[in-house]
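Student: Protein chains in written order, with my numbering: chain A, 1 to 93; chain B, 1001 to 1486.
Calculated from the structure, these hints are not laboratory results.
Positions of the beta carbon are idealized from the N, C-alpha and C atoms, including for glycine.
There could be a bad hint or two in this list.
[What the hints assert, rightly or not] Output of the computed footprint for chain B on chain A, the stretches with three or more beta carbons under 8 Å from beta carbons of chain B:
1) 33 to 39
2) 43 to 56
[As the list claims (entries may be wrong)] With a cut-off of at most 20 Å between alpha-carbon atoms, the simulated EDC-like pairs for lysine to aspartate or glutamate come out as follows:
3) Lys41(A) x Glu58(A)
4) Lys1039(B) x Glu1057(B)
5) Lys41(A) x Asp1297(B)
6) Lys41(A) x Asp1240(B)
7) Lys1039(B) x Glu1050(B)
[What the hints assert, rightly or not] Listed next, the stretches of chain A that the computed footprint assigns to chain B, with coverage defined by at least 3 CB atoms under 8 Å from CB atoms of chain B:
8) 68 to 77
9) 80 to 90
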Amino acid sequence: MKRIVILLLLVFLGMIALCQTGRAEEISKPEQRRLFRDGAKLWPVYCAQCHNARPGSEFAPYQWDAIMMHMRTQANLPARNARAVLEYLKGSH
Amino acid sequence: MRYVLITILVLAIMVDSRVAGAADSSELQQIKSEIRRIKADEERERQRDEKLIGDLEQKVEKLETQNRQIQQSGEKLHNQTSQQLHQLQEQVSTGPSPGQFGRYFADYLGTHQFTLTGAVGGDFIYDRQTATNTFALDFEPIILYRVTDWLLFEGTIEANLPAGDSAEFQLPVATAQIFLNDYMEIQAGIFDQPFGDFYEDQSPFWVNRFVTTPLPYNVEALVPPTDVGVQLRGGAQWGDLGQDVDYTFWVSNGPSFASEGPVPVVGQAINGVNNIKLQTNGQGYGTRIRFYPFPLDSNFGRLDVGASTLNGKWLNGNWYNAWGLDFAYLRGPLQARGEWIQMYRQMPNSNSDNRQGWYFQVGYFLNQLPIPGMPEMVQNFIHRLEPLVRYSGVNQRAIVSDEISTVPEIGFSGSPSIWTPHSREVALGLDYWLAPSIVWQNEVDLELPEAGGTVFTFAGNPVPMVTPRGATPNDVAVLSQLAIGF
């Protein structure tokens, strides 16, 4: 039992360490434009799968950061597509 | 003046010499001396005047120099001011974009940020069979605490007004969400059950198109609404834009059942959550896979098909197994979704507890309906409407009468018909959308129970009284709800 707990702990710590890599990267302008374009396509579809799509003006950009993390979890959105929707929502604020 | 005097003197001498005829030499000398003196005075005055003129010229020159210096410094200051003004104008004209301003503002607010979202619902509920006419209220704020771009805490507090005079508070969701990479995320805490589509994605008041929940997720739920444990989840795009697949695996406390009676019997209600496990020697294990076959550009609409399982020991050595299939489809104003759930519970005695539940619903938003010739006000009203219909049902062999409550609440009409072993319901809905997240929902529930099944009544006895359930009269419930998502 102890071995299992230690193993799980090590795996968990390894995952945490893994998640620290590649964070907070600056998005280049062309990539930003691509994200915005894809986000404009995905926003009405991803959102409307469960509820009406809410316009970017309803929340401040920093609030969209938190809300999109929440929505990425709720709907298991692919990370890059979640970033695209976020870029669109913040860009259309 | 001096020249005039000299001239007069010379003329006088000449006149005198003409009149007298002869001049005395001493007088001439005296006159000459006087002339020299006058000349000397004149010379001194001239020198003094020249000196004064020289001094004045120096002063003028000095003043002119000072004036030039002042002019030069003035020009310099003018140039500097113009340059600074130009720089300021450039800075103003090339100021931060809205995006940059947003980032600056976010930086100003700090990295630890709270966001408040959630929903509130106010209902009017009428049920014919129980002669119920009541208002109801529920408030569910969601607090999001974003620590970094890979760590989020989420807490949902549910406050409602049950029968009586007090308020009731619950904690249906409190999780930490750790984003490991683009494809993996850990969620730990108490969470909406990821089984099927309803608990996670459809339960908020303004998201659920109906006021009530479909029967398999209602008071006779087949799967616990929330669970305590750890999830590993994520999603990926496998093809073109819109072609996604996602997964959720979780380990949790698993299900537990109502324990009003002294012995477990078939048909007991499942508990909303299993906080601290008692009398179980295993965890609950769940899996959910969802697949989106169509790309966005295909014009086939948006379809997802999903499958879920939840397995665990609900009592020492006794299994609980549930699996389900679900779909959701969206194309323009049309939206449809449905689900089938099968549940098996191993009982301590030889009998097993098998249940099935399902629902299918479809809605059509009238916002794209052409209405020629109608006044604009009428068109605007009709374009905000969304008619809906849903059919749902639950099959189970028995119910426990001690667990039956017909007290209505948000999401539940209070109709006793839906407690029958074979409950069926047709729900007709008409939503009026005031805003994307504000809706006035109206619903008529036609309860269609089938006769049959068994009723267990403990009434404080260790052995339940078993009676066959007779025909349950059909019931009608009417609900109206204003739901606001914020």
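Student: Which of the numbered hints above does this structure break?
Tutor: 1 and 4
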